[in-house]
Amino acid sequence: MKYSKQRELVYQAVLQSACHPTADMIYEVVRAQEPAVSLGTVYRNLGRLVEEGLVRRIVLPNTPDRFDRRLEEHQHLLCQRCGGLFDLGPGVPFHFPQAKRQIESCSPFTVTGYALYFTGVCPGCAEYHSPAIPRDQIENERK
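Residues 235 to 377, numbered by our numbering, are exactly what the sequence shown covers, in order.
Treat the hints loosely; a few may be bogus.
[Unchecked claim] What follows is a list of derived Cβ distance ranges for each label pair:
id: 1; residue 1: GLU361; residue 2: GLN250; range: 22 to 28 Å
id: 2; residue 1: ALA349; residue 2: SER251; range: 15 to 21 Å
id: 3; residue 1: VAL345; residue 2: ASN296; range: 21 to 27 Å
id: 4; residue 1: GLU262; residue 2: THR353; range: 22 to 28 Å
id: 5; residue 1: PRO269; residue 2: HIS308; range: 30 to 36 Å
id: 6; residue 1: SER272; residue 2: VAL345; range: 34 to 40 Å
id: 7; residue 1: ALA266; residue 2: GLY347; range: 31 to 37 Å
id: 8; residue 1: GLU361; residue 2: CYS340; range: 43 to 49 Å
Simulated from the structure, these hints should not be mistaken for laboratory data. Cβ coordinates follow ideal geometry from the N, Cα and C atoms, glycine included.
I would like the entire structure built from these sequences, with the hints used as guidance.
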């Protein structure tokens with residue numbers, strides 16, 4: 235892949251992020267360093283980085299895609315209140331080779347990977363409020 239300063243800034247923003255950032259979050263980080271960058275440029279460069287296998291795209295329903303610096307297979311925990319996405323620790327043994335074999339033995343489908351995430355409430359949200367308070371109300375109270 236041809237070198238681009240903007241692509242390098244996007245890549246570094248993903249690598250240095252403590253969370254699984256969205257394209258908008260990455261845009262804000264990159265724009266602080268390169269004010270002329272456009273959101274479209276960030277999206278294009280994220281797509282290229284995913285194609286090249288330098289970052290992972292995490293697709294979740296009803297939420298913007300997230301990007302991950304960890305390339306190895308691993309699972310995630312999604313907080314239903316704040317929308318935080320957390321890695322399931324590397325010590326948790328979730329591998330599905332038997333399921334892959336079962337799927338391929340009873341269908342013509344070739345399994346090339348999988349995505350698995352668990353939903354729940356993160357410790358910060360559990361401590362902040364009781365489970366009955368909706369996510370949007372929590373976000374408004376935090377502002």
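Tested hints:
1. GLU361 x GLN250: 22 to 28 Å: The hinted range 22 to 28 Å holds for GLU361 and GLN250, with Cβ atoms some 27 Å apart.
2. ALA349 x SER251: 15 to 21 Å: 19 Å, holds
3. VAL345 x ASN296: 21 to 27 Å: For VAL345 and ASN296 the Cβ distance comes to about 25 Å; the hint holds.
4. GLU262 x THR353: 22 to 28 Å: This hint holds: roughly 26 Å between Cβ atoms.
5. PRO269 x HIS308: 30 to 36 Å: 35 Å, holds
6. SER272 x VAL345: 34 to 40 Å: 37 Å, holds
7. ALA266 x GLY347: 31 to 37 Å: With a Cβ separation near 34 Å, ALA266 and GLY347 satisfy 31 to 37 Å, so the hint holds.
8. GLU361 x CYS340: 43 to 49 Å: About 45 Å separates the Cβ atoms of GLU361 and CYS340, which means 43 to 49 Å holds.
In this structure, every one of the numbered hints holds.
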